[in-house]
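A.B. asks: Sequence order for the protein chains is U, D, G and A. Numbering-wise (the numbering used here), the first sequence opens with residue -7 and increments by one. Numbering-wise (the numbering used here), the second sequence opens with residue -7 and increments by one. Numbering-wise (the numbering used here), the third sequence opens with residue -7 and increments by one. Numbering-wise (the numbering used here), the fourth sequence opens with residue -7 and increments by one.
These aren't lab readings, by the way, just hints derived from the structure by calculation. Since we're looking at a predicted model, the values are computed, not measured. One or more hints might be untrue.
Identical copies carry no separate label here, and so any pair may be met within one copy or between two of them.
Claimed, not checked - Mimicking EDC-like on lysine to aspartate or glutamate, the simulated pairs with C-alpha atoms at most 16 Å apart in a straight line are:
(1) Lys58 / Glu30
(2) Lys215 / Glu135
(3) Lys210 / Asp133
(4) Lys204 / Asp113
(5) Lys175 / Asp127
(6) Lys204 / Asp128
(7) Lys204 / Asp127
(8) Lys197 / Glu135
(9) Lys171 / Glu194
(10) Lys210 / Asp127
(11) Lys49 / Asp205
(12) Lys210 / Glu135
(13) Lys210 / Asp128
Residue-level listing of the chains:
Number of protein chains: 4
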Amino acid sequence: MSKYDEIKHLAYKANMQLPELGLVLFTFGNVSAADREESVFAIKPSGVPYSELSEDKMVIVDFEGKTVEGNLRPSSDTLTHAVLYKHFETIGGISHTHSSYATAWAQSQRDIPIYGTTHADHTTYDIPCAAPMNDDMIQGDYEYQTGFQIINALKERNINYEEMEMILVGNHAPFTWGKTAAKAVYNSAVLEEVAKMAYLTESIKADALRLKDALIRKHFERKHGPGSYYGQS
Amino acid sequence: MSKYDEIKHLAYKANMQLPELGLVLFTFGNVSAADREESVFAIKPSGVPYSELSEDKMVIVDFEGKTVEGNLRPSSDTLTHAVLYKHFETIGGISHTHSSYATAWAQSQRDIPIYGTTHADHTTYDIPCAAPMNDDMIQGDYEYQTGFQIINALKERNINYEEMEMILVGNHAPFTWGKTAAKAVYNSAVLEEVAKMAYLTESIKADALRLKDALIRKHFERKHGPGSYYGQS
Amino acid sequence: MSKYDEIKHLAYKANMQLPELGLVLFTFGNVSAADREESVFAIKPSGVPYSELSEDKMVIVDFEGKTVEGNLRPSSDTLTHAVLYKHFETIGGISHTHSSYATAWAQSQRDIPIYGTTHADHTTYDIPCAAPMNDDMIQGDYEYQTGFQIINALKERNINYEEMEMILVGNHAPFTWGKTAAKAVYNSAVLEEVAKMAYLTESIKADALRLKDALIRKHFERKHGPGSYYGQS
Amino acid sequence: MSKYDEIKHLAYKANMQLPELGLVLFTFGNVSAADREESVFAIKPSGVPYSELSEDKMVIVDFEGKTVEGNLRPSSDTLTHAVLYKHFETIGGISHTHSSYATAWAQSQRDIPIYGTTHADHTTYDIPCAAPMNDDMIQGDYEYQTGFQIINALKERNINYEEMEMILVGNHAPFTWGKTAAKAVYNSAVLEEVAKMAYLTESIKADALRLKDALIRKHFERKHGPGSYYGQS
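Only chain U is shown next, with the shape it has when bound in the complex (with noise of 0.2 Å):
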């Protein structure tokens, strides 16, 4: 038993939604859940297949990076992690993968547009990709510098981090967040197939339009907010 029961059974599930969902090949993805009162958070080892995982193989780290407990090295990301949960006070869970769509639009560099209510219902804004970093902040602490790569292409765009659960690394793939680890990882599901739907649109319409505002708000509004009316509660 361990105080940290809790996280690596959430870190556990989390991780285990990826291969179910389709997100991953092999360890290309992690997922980390949140104890805020202990600021730390639970988060997959590196390079251990999913068929491989279990709860007591989850590790716990500190929101600097440092390992509090386990015995196997954390993700090779746990930098980003670390500072996206330091920086973005009100999360409880960070999903990373390479899935095929997303990473393609985080290739290409774009920001994938707001083209209907799929996207709507998550979110107001096109999905960001931040521009990759500059070669000292590569050769630098890289993962630490993801992250705030990250936090400054929200600023750049002036949204909150609550308002955009998901983001492109420019050249890499997609980060998501949320209340939970499981949140996280159901925006990693949707940011995929919001980014297949972009894709297919532009093919099919080389031109096609951005949602207008007035929908982009109604359909936001009915999942979000004060007057929303989806779901039970």
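Dock chains D, G and A against chain U, hints included.
C.D. replies: Showing chains D, G and A alone in chain U's frame:
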């Protein structure tokens, strides 16, 4: 026991077909089944995952959109269903999904051209894409207006709802209907396949030709009308 | 017991492979198996879902298209099968699907160019797309004429049916055949994969080159003819 | 019992991964596992369906391509494996598939540009596409020459086989290798995913930029070489 058990059962079974047919991610879809004698329909509760669905969770709603029986909030698209049941007087089921290819055509705001016999086996017309509604309608009673948006798109094209059991709502996603809830779901799957084939057809040949009239009529009549000879009986 | 049990069994098993190989949605396909001594074939009944199929539901039809045994109506494409069995004298099975990529090429009314060895392993020619038939033929005996449409497309290209066991019917969908029903279904799956690869090839390189003659011959001869060395015996 | 039991086991298990990973249709692929001390490898028998494969059906072949043990005919691509084992002295496994996206790039005769970190995690170079061989070589000992075609393509680009464990054979399909048969199959799956992502990237942005050098080096070094920090130990 309730006098609505039959339509709850039909609605439940039809809803469960959506994930089996690969037509929904998470809860992005809903199906209803109508009882014409009682002027009510059973519909999926809002935001409830398919894995947690059961017959007794179906919500009974009348054709004005008022809940008649059930403890859960009905689908956020319930008013659209209600309007369609009221105006399409012979239908017994409605299905709504965000399936990838059909949604991409909706986001492109293009009708799906009739390129082949797979399409003509089901309807003699291009699949209409209803133009996005104006801002007043959006800010009014949105889901109610979506019903009229669908009705009007058929009217403008002079197509009867019995000849065309599928439609794309511009920038949103497809709705389909039929004599039964099972037929409505069948139409959702056919629409997705027809949408995929039309997308591939234009990719393979940018100026692909529509199917000629003689073939459209022949294939439709093989399956429908007095001289049909497809299926048993 | 019936003297047709063997072909009923073969037809049933071959039909059941279509959904297993992902080649059909609902009932959009049919396979038949011939008994050359009896000049009959067993074929799927029309419109019966694969999940409800059984050996004894197969319908026995002669090469004129007349039902010889069975209570169900045979596939609506039965006359096409009958014509092909009559004219392609050494074949023992025919398969018809609406598989997505092959159907998209048919809708594009283009032959599938031979771009690689996956294609050349099976035939040395582009896969022909038969031109849509003229209106008189459509309004006449349509399925019967579809058989001749296929026969004529091969004749025009001076290709023997033993050298080319697959064809696209323009605006419609593929037909394939072979020594056995199992081989016909195998060809349906190969055609779908070849159609997908050719589509991707042109997307990656708009002016992709056809495979050169020496490679076409080499790969075909590896698998076929006197000097073949693929497979056992 | 045979002194080759170990490589038969490894070859069998690696071959069976191909259908599990969705990399083969029917028998369109083969994997081998080498025993460097005995200078032999175990390879799939030719044309045998994966469902009928077993460890004892694997064929033992020496590096000249001569069968050493086994009653079945080895894969028709055996000579290509033999040549590669002879010249790539540290590899222990080879995998050959006709996976859809990688094969489409091969048919396009284009190298796969390095567009993102998924690619750079595995190699710092574009994936080479070996030019189709000349007609004399094709009519000579084709599979033997395919081995040299691969070796020469790396030589021309001045790339070592340990730095690039995957290649496209122009107009044909991919070959991959690695320290073990399992690693070779892993590389087949990675190549297919990288090929898919590069295709999507160019579809989303026709003039997409290659990954910049600093990112290529960073991602490769995260996983490989003295300073690597991916995985356990």
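A.B. asks: With reference to the structure, classify each hint as holding or not holding.
C.D. replies: Against the structure, the hints:
no., hint, result
1, Lys58 / Glu30, "within (13 Å within a copy, 47 Å between copies)"
2, Lys215 / Glu135, "between (34 Å within a copy, 13 Å between copies)"
3, Lys210 / Asp133, "between (42 Å within a copy, 10 Å between copies)"
4, Lys204 / Asp113, "within (14 Å within a copy, 35 Å between copies)"
5, Lys175 / Asp127, "neither (33 Å within a copy, 32 Å between copies)"
6, Lys204 / Asp128, "between (40 Å within a copy, 13 Å between copies)"
7, Lys204 / Asp127, "between (38 Å within a copy, 9 Å between copies)"
8, Lys197 / Glu135, "neither (38 Å within a copy, 26 Å between copies)"
9, Lys171 / Glu194, "neither (32 Å within a copy, 35 Å between copies)"
10, Lys210 / Asp127, "between (42 Å within a copy, 10 Å between copies)"
11, Lys49 / Asp205, "neither (46 Å within a copy, 35 Å between copies)"
12, Lys210 / Glu135, "between (37 Å within a copy, 10 Å between copies)"
13, Lys210 / Asp128, "between (43 Å within a copy, 11 Å between copies)"
Checked against the numbered hints given earlier, the structure breaks hints 5, 8, 9, 11 and satisfies all the rest.
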